[in-house]
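Protein chains: 2
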Amino acid sequence: MEEKQSYADKPLRCIVKLGGAAITWKNEMEKIDEENLGIVSKHLREAMMGGSTSTSSVKVLGMDWSKTPGSAQIPITPHEFGDQSTFDLMSKFIIVHGAGSFGHFQASRSGVHKGGLHHPLVKAGFVATRISVTSLNLEIVRALAREGIPSIGMSPLASGWSTSKRNISAADTSQVAKSVNSGFVPVLHGDAVYDDLQDCTILSGDVIIRHLAELLKPEYVVFLTDVLGVYDRPPTDSSAVLLREIAVDEDGSWSIVALEHMNKQVEITVAAHDTTGGMVTKITEAALIAKLGIDVYIVKAATDHSFRALNGEIRGDIPDDWLGTVIRSSKQKQKSS
Amino acid sequence: MEEKQSYADKPLRCIVKLGGAAITWKNEMEKIDEENLGIVSKHLREAMMGGSTSTSSVKVLGMDWSKTPGSAQIPITPHEFGDQSTFDLMSKFIIVHGAGSFGHFQASRSGVHKGGLHHPLVKAGFVATRISVTSLNLEIVRALAREGIPSIGMSPLASGWSTSKRNISAADTSQVAKSVNSGFVPVLHGDAVYDDLQDCTILSGDVIIRHLAELLKPEYVVFLTDVLGVYDRPPTDSSAVLLREIAVDEDGSWSIVALEHMNKQVEITVAAHDTTGGMVTKITEAALIAKLGIDVYIVKAATDHSFRALNGEIRGDIPDDWLGTVIRSSKQKQKSS
Chain A
1 MEEKQSYADK PLRCIVKLGG AAITWKNEME KIDEENLGIV SKHLREAMMG
51 GSTSTSSVKV LGMDWSKTPG SAQIPITPHE FGDQSTFDLM SKFIIVHGAG
101 SFGHFQASRS GVHKGGLHHP LVKAGFVATR ISVTSLNLEI VRALAREGIP
151 SIGMSPLASG WSTSKRNISA ADTSQVAKSV NSGFVPVLHG DAVYDDLQDC
201 TILSGDVIIR HLAELLKPEY VVFLTDVLGV YDRPPTDSSA VLLREIAVDE
251 DGSWSIVALE HMNKQVEITV AAHDTTGGMV TKITEAALIA KLGIDVYIVK
301 AATDHSFRAL NGEIRGDIPD DWLGTVIRSS KQKQKSS
Chain B
1 MEEKQSYADK PLRCIVKLGG AAITWKNEME KIDEENLGIV SKHLREAMMG
51 GSTSTSSVKV LGMDWSKTPG SAQIPITPHE FGDQSTFDLM SKFIIVHGAG
101 SFGHFQASRS GVHKGGLHHP LVKAGFVATR ISVTSLNLEI VRALAREGIP
151 SIGMSPLASG WSTSKRNISA ADTSQVAKSV NSGFVPVLHG DAVYDDLQDC
201 TILSGDVIIR HLAELLKPEY VVFLTDVLGV YDRPPTDSSA VLLREIAVDE
251 DGSWSIVALE HMNKQVEITV AAHDTTGGMV TKITEAALIA KLGIDVYIVK
301 AATDHSFRAL NGEIRGDIPD DWLGTVIRSS KQKQKSS
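Protein chains in written order, with UniProt numbering: chain A, 1 to 337; chain B, 1 to 337.
In isolation and in its complexed conformation, chain A is listed as follows (with noise of 0.2 Å):
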């Protein structure tokens, strides 16, 4: 029982967003990138364990006991989950993920975002995302259950988060602790929400993120996406450079840091960026994030850089041979160094 006290006393380790781009296959609709999710919740598993080798030897007791191809071997026997569990040794982590291919097209093509309930197109776009989403949300589960790691979905709007013009108005956050403390991984997502003065919105992961992180106070937030991290232009131009720090003063402006070689204003070569990959909403919200002390690193999935983000790695300096965006408080980064 002191355990178990002392678990739920812990602190949040790390609140994790799994971006949609990063485990599903974009242009391809309602396709999961198999490969990327079983590296991430690899890794997942590790970080939580608190990345020792030894750890990440001990036996995975799989926990999809589902029929579904993949799922864990039944019957489990009891003893092999034996007395001493590993969950213990656990640190505190939230998930949350986008939807990928999953849900876009179901919203885009009714306009769930614009609101109007009335309009029966909308209603029904609102049914036909949310059953995408909560399918892609099933699977994120299972396959972090299947490594072993005890992930509970919770779906936004069945936990009451609604928004007023598409900004958080109410948000029961209650049970996403109590099964942090419960020694659970709350897993969330982008979902489609009422809203009070437009009936009802697409409430995203990265919002979703922000208002967790000002209540929980995680120790540092993750971004996995499908590029190393954020650039000064789009990655697909051959001479974008990766920003290796965002620097956010106290009244939420922001500066480049620790690249000798440009000095160019942050908000205006990102929103050129905006168009390919809302990366805007990602550093406004990350910002808001690194305003309250937390630090956050925007970071490609399933890589040794992300393993490392998860890990705790880049909390004091940023290694030299770490690749990603690290997105901290100007007055945080005087602290450490």
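Treat the hints as calculated values from the structure; they're not laboratory data. As the structure is a prediction and not an experimental result, all values here were calculated from the model. Don't take each hint at face value.
[What the hints assert, rightly or not] Below, a list of computed lysine-lysine pairs in the PhoX-like style, where the Cα atoms sit at most 25 Å apart:
#1 B/Lys26 - A/Lys31
#2 B/Lys26 - A/Lys67
#3 A/Lys114 - B/Lys178
#4 A/Lys217 - A/Lys10
#5 B/Lys26 - B/Lys114
[To be verified] Okay, the calculated bits of chain B under chain A, using three or more residues with CB under 8 Å as the criterion:
#6 59-66
#7 203-212
#8 240-250
All C-beta atoms, glycine included, are put in the ideal place defined by N, C-alpha and C.
Add chain B to chain A, keeping to what the hints say.
Showing chain B alone in chain A's frame:
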């Protein structure tokens, strides 16, 4: 806008339990009874639309736009949905389903109902149970959406339902009510939830229905099962008699009415039946609902009898050619006769 206003003010018409045994193959793990589920979905649509033949000939506009086999043709063209929404004609329903051959194995194998999340097996079973029941929920939402029912899956765990020694201690029904008033049909399910005293347990669909009925006061409640109704002994016994009506007194005691040739104690005879199907729990919950003055119909799914019950045709006198069991308050009965 005026129409919407009046829709929100409409009373809740019906809470429906889709019994696990009625929509899954009990003896085959995680197998849906597609035929029954399809018929039930059609019945529900017709009952929601008022049961008139004119509405049943309206073209069904499917709301599952996933690429899964059986889902609607995509892309849907906006004009197919028109301006005049048939949803506005809809009466308000809430659906709650059981687990059947989903979740049962995972829950019983690990003892989730007995609690104790510090046991690794219980924790893993909690995760595995939720994966199984939420996958059933998704498939039911899909089947309903294919019939044009604007259904919204809602997991009790995510919605903050919890128990204290297996009795409901918290349940946020505001999002359920909000969904109903917005013209959607919430679809809840029996779930693994947190328990204040024993960490976790299984919250059954029957208990969820009783709680929703107490708070949201539907006109009537329908339990769809795999037998014709409540019998005086296991229905596999060839001498079993179908109970036509059970009257519930204000003190909660029951008596069988409208069956001249028998006068047995239901409590005793039904208890013997319980080993095969948890019928006592169902009747206990049903009696608590009936005590509120809300009729409960226990009836075989996917039959004309269940359609008539869903359609509200059993509300006054019980038709002679109707097969099923009515559980109603003895006070209510005196009022209507």
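Evaluated hints:
| no. | hint | result |
| --- | --- | --- |
| 1 | B/Lys26 - A/Lys31 | 31 Å, violated |
| 2 | B/Lys26 - A/Lys67 | 15 Å, holds |
| 3 | A/Lys114 - B/Lys178 | 19 Å, holds |
| 4 | A/Lys217 - A/Lys10 | 12 Å, holds |
| 5 | B/Lys26 - B/Lys114 | 23 Å, holds |
| 6 | 59-66 | holds (count 5) |
| 7 | 203-212 | violated (count 0) |
| 8 | 240-250 | violated (count 0) |
When each numbered hint is compared with the structure, violations occur for hints 1, 7, 8.
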